[in-house]
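Colleague: From just these sequences and the hints, can you work out the full model?
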Amino acid sequence: MRLTLREKEIVDILKKEPLISQEELAGRLNITRSSIAVHISNLMKKGVILGRGYVFNERVSGVVLGQSGLELVVQDLAGEGGWRPARVDTRLSGFAYQVSCCLARFGMDVKILTVVGVDEDGDRVIHSLQEQHVDTANIYRSSQGRTSHMVRLSHRNETIEYCDVFGHEVFEQLLEVWEWLLFNCEWLVVEPGLQQMLVQKMADYDNDRLPALCSYRLLQSGDELPDYLAGFHLLVLGVSRETQIETWFEKGLALLESGLDNLVITDGFNRVVVCTRASTVEIILPPNQGFDIREGLEPFLAGLVYGLSQGYQFRQAVRIGSGMASTTGVSSA
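Residue numbering for the sequence shown follows this note's numbering, starting at 1142 and increasing by one per position.
Careful: at least some of the hints might be erroneous.
What the hints assert, rightly or not - Within a straight-line C-alpha distance of at most 27 angstroms, the following computed DSS-like cross-link-like pairs (lysine-lysine) qualify:
no., residue 1, residue 2
1, K1156, K1252
2, K1157, K1186
3, K1252, K1157
4, K1252, K1186
5, K1149, K1252
Source of the hints: derived by calculation from the structure; they are not laboratory data. From a predicted model like this one, the values you see are computed outputs, not experimental measurements.
Modeller: Rendered as structure tokens:
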């Protein structure tokens, strides 16, 4: 939750002078003692101060882990012969880039854990994130490779993706560097390709202190749901056709029985099914909030995380997520 300017002033003073009295604080800011008391109370409600003695809560609201980089999107306009007209766009993209920008847009305090090269594209990624109020202090800049590049080719109803990105071994090494941030946040949103790595890392920690682990899967024919997904708090499954929702609902029940807290399944255009161990809710998507699951699952996940982090019920969180997914565009590079 964002602080007011006055609250930020108070926090800055208290961190430097934790023994200052409310009377002195009021005099310093030229406001009444009763106003200071109200501000202190609000800071406690927001979780910034944990109690008497001005003990600060240094937990991060949200952390996003994954790839960031440059994406080339080529959409075939169905030309024939040697000349094939197409729409070509270059944009900043990647799971971590997209999700962190969406969360920051909601006003959530978010740190991004990603890797970029020591190059102009890396500068552009960082500058864009900073403009959108994402905390970039923990981005790792690698001299061993260039900033990630992705290519998406769309022809009629088919999409082919290519990627030149930092490998799992790079992120695995960085988990040690990022360990404090990963396990001292409230919400940890993880790229699909790093799911198993994170679950294995979290197995060594006390469950009572773990963050709410969130991610998604875009399902293809023949896919399965690995057992390690039961270690998540929120798992979103994207399917290509509405008729597949029931099939994956049945498969997802085993994960719920094994420990998964919340399972969300959607085709993006028609409906969303929310499953917990206690109940199942079906939510029909309004016509103006449908989205393409190939591009919309990341902002949809971000909207769900934000809604749940604010204490909303799933029905409202789904509305927030689908609204974000139906309107979000990726920044042009």
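Colleague: Next step is simple, just say for each hint if it's right about the structure.
Modeller: Against the structure, the hints come out as follows:
1. K1156 with K1252: Status holds; Cα separation ~21 angstroms.
2. K1157 with K1186: OK: K1157 and K1186 at ~21 angstroms, within 27 angstroms.
3. K1252 with K1157: Roughly 24 angstroms between the alpha carbons, so the hint for K1252 and K1157 holds.
4. K1252 with K1186: The given pair, whose Cα atoms are some 22 angstroms apart, holds under the 27 angstroms limit.
5. K1149 with K1252: holds, 19 angstroms
Checked against the numbered hints given earlier, the structure satisfies every one of them.
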